[in-house]
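Taken in order, these protein sequences are the chains called A and B. Residue 1737, in our numbering, is where the first sequence stops; the numbers in between run on with no holes. Residue 1737, in our numbering, is where the second sequence stops; the numbers in between run on with no holes.
It cannot be assumed that every hint is accurate.
The list treats identical chains as interchangeable, and a pair is accepted whether it falls inside one copy or across any two copies.
Restricting the straight-line Cα-Cα distance to at most 30 angstroms, the calculated cross-link-like pairs of lysine-lysine (DSSO-like) are [said to hold, decoys possible]:
{"id": "1", "residue 1": "Lys1656", "residue 2": "Lys1507"}
{"id": "2", "residue 1": "Lys1477", "residue 2": "Lys1679"}
{"id": "3", "residue 1": "Lys1507", "residue 2": "Lys1679"}
{"id": "4", "residue 1": "Lys1507", "residue 2": "Lys1561"}
{"id": "5", "residue 1": "Lys1477", "residue 2": "Lys1417"}
{"id": "6", "residue 1": "Lys1631", "residue 2": "Lys1507"}
{"id": "7", "residue 1": "Lys1507", "residue 2": "Lys1477"}
{"id": "8", "residue 1": "Lys1656", "residue 2": "Lys1561"}
{"id": "9", "residue 1": "Lys1656", "residue 2": "Lys1679"}
{"id": "10", "residue 1": "Lys1631", "residue 2": "Lys1679"}
{"id": "11", "residue 1": "Lys1656", "residue 2": "Lys1477"}
{"id": "12", "residue 1": "Lys1656", "residue 2": "Lys1417"}
{"id": "13", "residue 1": "Lys1631", "residue 2": "Lys1561"}
{"id": "14", "residue 1": "Lys1656", "residue 2": "Lys1631"}
If you are wondering where the hints come from, they were derived from the structure by calculation, not from laboratory data. Note that the structure is a prediction, hence the values are computed from the model and not measured.
Number of protein chains: 2
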Amino acid sequence: MFLHAQGELALGSRLKAVSESLYAAANAAYREAGHDLDAHWFPVLRYLQVRGPASVTEIAAAIGQTHPAVSQLAAKLRAQGWITRRTDRSDARRGVLELTADAERKLDRLGPVWCAIRRAAAAASSRGGGNLLDALAAFEADIASGRLAADIRAQHARLKGATIEIAPYRREWAPHFERLNVEWLQRWFTIEDLDRAVLGDPQAHVIDPGGAILFATLDGEVIGTCALLKEAPGVYELSKMAVESGFRGFGAGRKLLDGAIAEFGRRRGRTLFLESSKRLGPALQLYESGGFVHHPAPRPGSHYQRADVYMVYEPEKAARPRAKAAPRKHLRVVGR
Amino acid sequence: MFLHAQGELALGSRLKAVSESLYAAANAAYREAGHDLDAHWFPVLRYLQVRGPASVTEIAAAIGQTHPAVSQLAAKLRAQGWITRRTDRSDARRGVLELTADAERKLDRLGPVWCAIRRAAAAASSRGGGNLLDALAAFEADIASGRLAADIRAQHARLKGATIEIAPYRREWAPHFERLNVEWLQRWFTIEDLDRAVLGDPQAHVIDPGGAILFATLDGEVIGTCALLKEAPGVYELSKMAVESGFRGFGAGRKLLDGAIAEFGRRRGRTLFLESSKRLGPALQLYESGGFVHHPAPRPGSHYQRADVYMVYEPEKAARPRAKAAPRKHLRVVGR
DNA sequence: CGCAGTAACGTAAGTGCTTACGTAAATGCC
DNA sequence: GGCATTTACGTAAGCACTTACGTTACTGCG
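Turn these sequences into a full structure, and let the hints guide you.
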């Protein structure tokens, strides 16, 4: 499922969905057992059952909802004869909600259903190793104490000054090279035979012929890559540039590009070119600001079907104080 | 917190609350980082980012929401320039939603915020032993497969034929005797000195003087209790009858009453009386159907302040084929 | 080919909450 | 004792969904 792949980022969505499924399951159980009540009423009714008559704000505070929520539900329950309301003697603002005798009797009959739900939910909650209830309690504590919010801020502050490290090829990272490239290839194009070959065995297709592969890491985690392919003596191709989609905005692309160009320089290359597609706007912008200029025609023997943009590195064109306000128009014209 | 004490029964409420807190935390993080987007948009926007253009129903299925939800959100996002919609060439019913170049750029800048949220949430999720994400995944699987619903049904079927066992006093259950009685005393009255004494040391105040205490158990779990106090030779008082509020409807009260009367019989008692309160409607109904009849005046030396109902056991009055349709009016008249 | 069945998806209305706001009563403070 | 502040809580409006329903387009089958 897509949301599962998003990990913690989609936690809110998933929790809400599970919450609604639970209400639905409870309602189904009530209906099957012949009880006519809604699972959403549980906190209020149960509070009144175990604690006795209580005011709107008292209940709201106890069950962690706003007072209008309780107020509105109370109006509904009153209309249906579950509760009564009388004004507090010592404080005329306050109302005292109380279960009717009939409601009390109905609730007293719910034991078996509640017990069944509790046991089934407990079993489901503790399946798969951990215990949902315990984990949830810890999570709630972090939210209530503000620790989660503080942690997000702290992490973000740390990450703003985070150092993306550029590291040379390592055999054990070959799967990352494949994974990162497959991601954007599938997203924008299809994987061509040449891709499959290069990604499947980067050692044989990139390193051994005299090329290089760079990896961008954030705190040890590989989040981007690019390859410098050796075409001919002194002629290199920049290719397979990929940054994981959840890790854009760290500047990994720029660092990879700089790293590749530096590598090209170290090898005393004469020509550095690349093939790309006008569909990859942000990447083209990056190449332009890195010193690549557009070339009208494909190189003889162009590799890829998808390629419709050809660029060549011209060092003096590099816009080093990074051109933040680079005119978008330029890109558009190029893209045509 | 009240909801925590309800265990699995309040899980739905709590999950929803956590879900909303998470959305709020994410939104705060977005705002602080200067991004103008809503956490609720994440599933749709992220899907379009990693998977590329997609139709409404495709997205809805992937993120586990209904198609109107996606449709409505899409309309809003379209109005704000995040996505465009064009009609599918091969199927005129279907629309193709696609991120605008601007949106693509905005999303590409979110890496650090996402990473911060992910890390903080991961830390909170795995604090406290278990891991919320794993536990949630297992729980979701049980819901999706229908196992939870089936389990509830199965548990409920089992519990309908469940046997409440009545067991005699055991020293290690003394705390249950106290807990169960404190629950209803606090709910309906206040704890009087005599209560404190009896509940604090049932051995000394009930058993040793020649009385008895019974416990009702469900699958080994103590869920109810009652006491038979010896007042004088042949004279007993039924007292401290309590069934846990979440376990009403199992018939534990009746079994406890029957058990106490049987114990009274085994001891060849002559008189069995009880003191109660007209506020405890269902309990009085139980006593009546068990063979107790109302007595107009308090016994000389009545024990409790709260007592305003006095009953005496008259075996021939026991409505043994349990009087389901016992006239409520009777209770009312008695209660007056 | 014609036509029933189904899929895509927009619109409307409902729901369970929320925030925003107003009013009346109680409280604190000089 | 008067008056600002706070508290209780109802009402209104909004929001993120849902279910219900209708329209239009595609699909499969005789």
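Quick one: lysine 1631 to lysine 1561, C-alpha cut-off 30 angstroms, is that within a copy, between copies, both, or neither? Classified as neither; 35 angstroms inside a copy, 76 angstroms across copies.
One pair to classify: lysine 1656 and lysine 1417, alpha carbons no more than 30 angstroms apart. Within, between, both, or neither? So lysine 1656 and lysine 1417 fail the 30 angstroms test inside a copy (39 angstroms) and across (42 angstroms) alike.
Evaluate lysine 1477 and lysine 1417 at a C-alpha cut-off of 30 angstroms and name the case that applies: within, between, both or neither. Answer is both: 24 angstroms inside a copy and 21 angstroms across each meet the 30 angstroms cutoff.
What label fits lysine 1656 with lysine 1631 when the C-alpha limit is 30 angstroms: within, between, both, or neither? within (20 angstroms within a copy, 88 angstroms between copies)
Lysine 1507 and lysine 1561: within-copy, between-copy, both or neither at 30 angstroms Cα: between (57 angstroms within a copy, 16 angstroms between copies)
What label fits lysine 1656 with lysine 1507 when the C-alpha limit is 30 angstroms: within, between, both, or neither? between (68 angstroms within a copy, 20 angstroms between copies)
With identical chains treated as interchangeable, where does the CA-CA distance between lysine 1656 and lysine 1561 reach 30 angstroms or less: within a copy, between copies, both, or neither? Only inside one copy: lysine 1656 and lysine 1561 sit 15 angstroms apart there, 67 angstroms across copies, limit 30 angstroms.
Could you figure out if lysine 1631 and lysine 1679 sit no more than 30 angstroms apart (CA to CA) within one copy, between two copies, both or neither? within (24 angstroms within a copy, 95 angstroms between copies)
Should lysine 1507 paired with lysine 1477 be assigned to within, between, both, or neither, using CA atoms and 30 angstroms as the limit? within (17 angstroms within a copy, 45 angstroms between copies)
Identical-chain pair category, lysine 1507 with lysine 1679, by Cα at 30 angstroms: The answer is between: 19 angstroms across copies meets 30 angstroms, while 68 angstroms in one copy does not.
What label fits lysine 1477 with lysine 1679 when the C-alpha limit is 30 angstroms: within, between, both, or neither? between (59 angstroms within a copy, 28 angstroms between copies)
From the Cα coordinates, with 30 angstroms as the cut-off, is the pair lysine 1656 and lysine 1477 best called within, between, both, or neither? Classified as neither: same-chain Cα gap 61 angstroms, cross-chain 36 angstroms, threshold 30 angstroms.
In this structure, the earlier hints numbered 6, 11, 12, 13 are contradicted, and the remaining ones agree with it.
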